[in-house]
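Trainee: Since chain A is already given, all that's left is putting chains B, C and D on it; use the hints.
4 protein chains.
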Amino acid sequence: MGSVFGTLFRVSTWGESHGVSVGGVVDGCPPRIPLTREEIQKELDRRRPGQSDIVTPRNEADEVEILSGIYNGLTLGTPIAFEVRNKDQRGGAYDNQKDVFRPSHADFTYQSKFGIRAVEGGGRASARETLARVAAGAIARKMLQMAANVRIVAYVERVQDIAMPELDEAPLEADVEATAVRCPHPDSAARMIERIKAVRAEGDSVGGVIRCHLQNVPAGLGEPVFDRLEADLAKAMLSIPATKGFEFGSGFAGTLLKGSEHNDIYISKEGRIGTVTNRSGGIQGGISDGEEISFRVAFKPTATILRRQETVDREGKPAEILAKGRHDPCVLPRAVPIVEAMAALVLADHALRNAAQNTFLRL
Amino acid sequence: MGSVFGTLFRVSTWGESHGVSVGGVVDGCPPRIPLTREEIQKELDRRRPGQSDIVTPRNEADEVEILSGIYNGLTLGTPIAFEVRNKDQRGGAYDNQKDVFRPSHADFTYQSKFGIRAVEGGGRASARETLARVAAGAIARKMLQMAANVRIVAYVERVQDIAMPELDEAPLEADVEATAVRCPHPDSAARMIERIKAVRAEGDSVGGVIRCHLQNVPAGLGEPVFDRLEADLAKAMLSIPATKGFEFGSGFAGTLLKGSEHNDIYISKEGRIGTVTNRSGGIQGGISDGEEISFRVAFKPTATILRRQETVDREGKPAEILAKGRHDPCVLPRAVPIVEAMAALVLADHALRNAAQNTFLRL
Amino acid sequence: MGSVFGTLFRVSTWGESHGVSVGGVVDGCPPRIPLTREEIQKELDRRRPGQSDIVTPRNEADEVEILSGIYNGLTLGTPIAFEVRNKDQRGGAYDNQKDVFRPSHADFTYQSKFGIRAVEGGGRASARETLARVAAGAIARKMLQMAANVRIVAYVERVQDIAMPELDEAPLEADVEATAVRCPHPDSAARMIERIKAVRAEGDSVGGVIRCHLQNVPAGLGEPVFDRLEADLAKAMLSIPATKGFEFGSGFAGTLLKGSEHNDIYISKEGRIGTVTNRSGGIQGGISDGEEISFRVAFKPTATILRRQETVDREGKPAEILAKGRHDPCVLPRAVPIVEAMAALVLADHALRNAAQNTFLRL
Amino acid sequence: MGSVFGTLFRVSTWGESHGVSVGGVVDGCPPRIPLTREEIQKELDRRRPGQSDIVTPRNEADEVEILSGIYNGLTLGTPIAFEVRNKDQRGGAYDNQKDVFRPSHADFTYQSKFGIRAVEGGGRASARETLARVAAGAIARKMLQMAANVRIVAYVERVQDIAMPELDEAPLEADVEATAVRCPHPDSAARMIERIKAVRAEGDSVGGVIRCHLQNVPAGLGEPVFDRLEADLAKAMLSIPATKGFEFGSGFAGTLLKGSEHNDIYISKEGRIGTVTNRSGGIQGGISDGEEISFRVAFKPTATILRRQETVDREGKPAEILAKGRHDPCVLPRAVPIVEAMAALVLADHALRNAAQNTFLRL
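Chains as they are written, first to last, in this note's numbering: chain A, 31 to 393; chain B, 31 to 393; chain C, 31 to 393; chain D, 31 to 393.
If you are wondering where the hints come from, they were derived from the structure by calculation, not from laboratory data.
Take these hints with a grain of salt, some might be off.
Identical copies go unnamed one by one, so any copy, or any two together, can satisfy a pair.
[As the list claims (entries may be wrong)] Calculated cross-link-like contacts (lysine to any residue; reagent style SDA-like; alpha-carbon spacing at most 20 Å):
id	residue 1	residue 2
1	K288	N89
2	K347	R302
3	K117	E95
4	K227	K354
Isolated chain A (complex conformation) (with noise of 0.2 Å):
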């Protein structure tokens, strides 16, 4: 179970690390939206390995292939299933991690769990099921984009204590693609680059924050207590490996101020009522107000690292190891598209089940 997102805009994702495939199957996409294979591969290529040299050089083209749901250039509203095959699939690389436990990684709690894993690579608790959310969020984007001209930027604010000046609104697109770090303050990122190969070669990792902003989003999205819109968001963002926190407007450093200090006050904003001030981070009340939504998402640093680790076997008896081969030595500029996806996938699923709702006086 756990491997099914959304409630009208529904994915469902499968695959190993080294299995066959890794795909998924989007139920609820409405009909006769335009959708092209290129623009699901566009977004697959800014997660792909071996895009840059501050990431890993595993070898996968990530060809993403289109079964179902898709005619003549449109989607049909029926199920839209998609599969990427693994090139590099099981061999023996994985042998010294089929009984001693990795450090920080989900080894032994799938183990536990199972009572089974799939050993090379992590199996399904590789980050590379993550590709199936890049496709699905692809998906969802072009739905948002047609129907409100919604628009989806994240990017790396920090890596380790390297932070970016903080934006008071979204940058470009090219901007932060500009960067192999994703980080459209060019400054901040060559020295994150830096810092990033500086820890590759210790056999070291990093980790940081991406931030991302959501645009015209219409006031609205979102429901009363429990699928409130940053609860969703807040679940899709914790779902993305290597997470460990989430906070949106003001978030932690919000709780510093007075409520005097905290209020948006309320003003009339060509010909609509918006805020002077954003500390709500878009969202009221669970409901997005129209304003500009943005988040923060932290991200620990890779857990497998180019060094010996002391951990146990199955048995729980003392064991060592040392991971071989291709890894990210900081997960961030992959990142910044599943970020984007996963809040994607949120909007989507919103937006329609707003549509539910409001117009179903007019059936």
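Mentor: Just chains B, C and D, lined up with the frame of chain A:
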């Protein structure tokens, strides 16, 4: 939509701040669990208005009535419904809020989404709905206690900039309940209470951070990919009114460490496999590892302040608003049982999901 | 589990036959729909015990109270809860049922599944729970009426072997309500009533068939593959106590025809495309086609009979049981509003699901 | 929406008749169940076109590939995906169906709902999608067999008016598979085959009734109120293309009996409590009672006939249509494994739901 929570331990809640009643129905609680009205009432009393001199004086005893699902003191396995009748029903005290939007409240977003709203006390957007969560949480808690002696302890760790020292593990409940602010560190508690009284005297408000510990959670709870335990905890916490952020284990601070500093090394512990440190916060790859689970939740300063604020009316014309009456200058003391309740709901649901898979072959 | 129905128009019900109350909460009803307590009560009155001399004389007024979700006569878009307090609560009248299993009742299966059961009146297995369905159905019905003037009419078509002539389309509600047995054909109704009284005099019971027509359902409701409109109608109907079968359109009799005799030919009808015949029952490929939808539901003879029956006790030892007190010698007259209510719940849910997809691009 | 089935054993399917592939993903299958590709293929072969001289000659080997979720011959507890690539992809053979609606097919309703449809072979509305159900059902079946040796046997009981004698319990699979029509009564089978060939020679088609028996289902499966076992079976069966009705146990015929004739008397049976007769069809109050479960499903005559039929085009103008090519003159022989598969999916889901509640306290 949005007032239903959970997959197997499913809670559906209802009620506006000043409507007839607030209540809920739990579908999925296993049969034959001893449960009394008093066990539920005890938790409601911890969330009750008027419980101390630092919370709202709204006069509500919040007495719960169980409507179904209990028979001779045992759960039947069929829906358990409960309700609290509102004593303080609709009145004219809120006339000034009918046509203007309170800053950083949900008035505007509810009006945008639904084209109608229950004005008094915020209607469905009022934190009064959380009493149904606390009642449902009490049921979940009893179930978890019976099954594995699970212990759930939350407390106020910080009010504005006043932080207690960080704890290594859960404090005693008695120490949490010993102070009106629900901070188990008496000196910090005294300063927090002083601060809350000071801002109230100014007609202002403050926020802060609640920390929560989950003990005796068996390894194996949580599902791969989307329904990770931390993801569902994040959703649960961000669904609580006034929350701005969530982090578990090392959280945002963990992003400053290197992998070699952050990884938790496995060792053998009293017949089970555990970790030396616990930066993972008791969860690896979305699944509990048997260590203590801990997380933090950020709460903004209460939006209601007793000061004149600028805003707009429904036509977007400038207006002023001055809150009358009763409010919490700091929501955190009363939010402690809400955080615990939501954590209990998440654990109960995942415990049942896990039981389904892992005990199936013993059908 | 199992007491929640629907995806977008979601109903959660509670209550045992002799518990404190029976009620429900509807999450997902769109906002701004005019709704009164009386509209719900009117449907409950049609299902009420004691309404005529051919139904159970159990003395319950079944007065409903709305607990939330209505404001100034309009739905708020947030949960609508309602309850009926049981007047006739737990007593000693059922002591003889505590240790023996009534034939063709749920006593044994509830005991097997839950290891506990509310003995009095069947507890949760009592058809008394259906009053929550009827109340929820009244809300769905109002919504459907507002949106598309949907008309839902069920009636008793057959009692045991006494069948009224087959109708081509829905009769008038007034004609259905004109007889105590809810059969719109007066001669048949008279014979049915006579039969019911005769079997009651013998301490016996009878079953029969209810037919239901849905008019003005727009083309396009229903989803491909699993959530077909007829599939969800079948589930809804078979979830009603005492049902044994479901068929729509030509049903089982249609299996005797050849394809050339069974196919419905398309023609142009008053500006829309329709069919000459309607063996499809208004549904093609799981989706409504704009023609009248019709289906039949089979009800078994009431399991409670006033005759001595053999059975076993909880240890499997031979025992005898003799029902005392009040029961329906034929459930069909009171089941008519239940069939209508369940049909309304299915249509409401599918109407909202359809609205989500088809109006999304007009977000 | 609508292509996802189940709560805990959740199946999501995809694929159009002439698209790239038809497949599905099962999320929720417990871990460590032995499962091979051949076990799935075996069931697909029973549903395959071209298997005998009374079914469609469409040339598809329908070879399944498992994409994920199996490791060293055992299920991993994570999603099991599978697909069948279509050999017979899009061509020009269906040009005559682009602008006209085939009588009693889903062309018109899909066009009405989605404003677009995959013309070739009915696209998503084609019964070709059922191969994903059969594959998923094979997984469910294996799981049920491992857990409780559950046995699922369906067969053709009637073709048009040719009915085999009613059986008291499930026949042998070998007897079902012994005839091309999947009727275990050789004389009836011969007459059914003759009839099918005769109507095919006329360019016509026939329908009939499939009966299904479920053996060794433990008492306790099914949930009160909405998710009754018979309700979910009814939904599952009515979701199969071409179905018109469902009945279980005594079914429609049971409505002719009196209560005293219909009730099943309890007795002690080899150490368990059972019933003398089984008009209840193995289910009481929505929950299995340990007796054999049996039900019937009505299938209409195939809508595709090789005769000229009147219809309309998309503008509602009169048109004619003459089907070309390959079709089943009677869908029942190939529908037998589909009925079994859907029954397996329902039982698997309820088995897991029951395991969740009843084993929880042994967490």
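Trainee: So, for every hint listed, does it hold in this structure?
Mentor: Now for the hints, and whether the structure bears them out:
For the homomeric pair K288 and N89, neither the shortest alpha-carbon distance inside one copy (52 Å) nor that between copies (26 Å) is at most 20 Å. Proximity of K347 and R302 under a CA criterion of 20 Å is satisfied inter-copy only: 11 Å between copies versus 65 Å inside one chain copy. In this homomeric assembly, K117 and E95 come within 20 Å of each other (Cα to Cα) both inside a single copy, at 14 Å, and across copies, at 16 Å. Taking CA atoms no more than 20 Å apart as the test, K227 paired with K354 passes inside one copy only; the shortest distance there is 18 Å, against 58 Å between copies.
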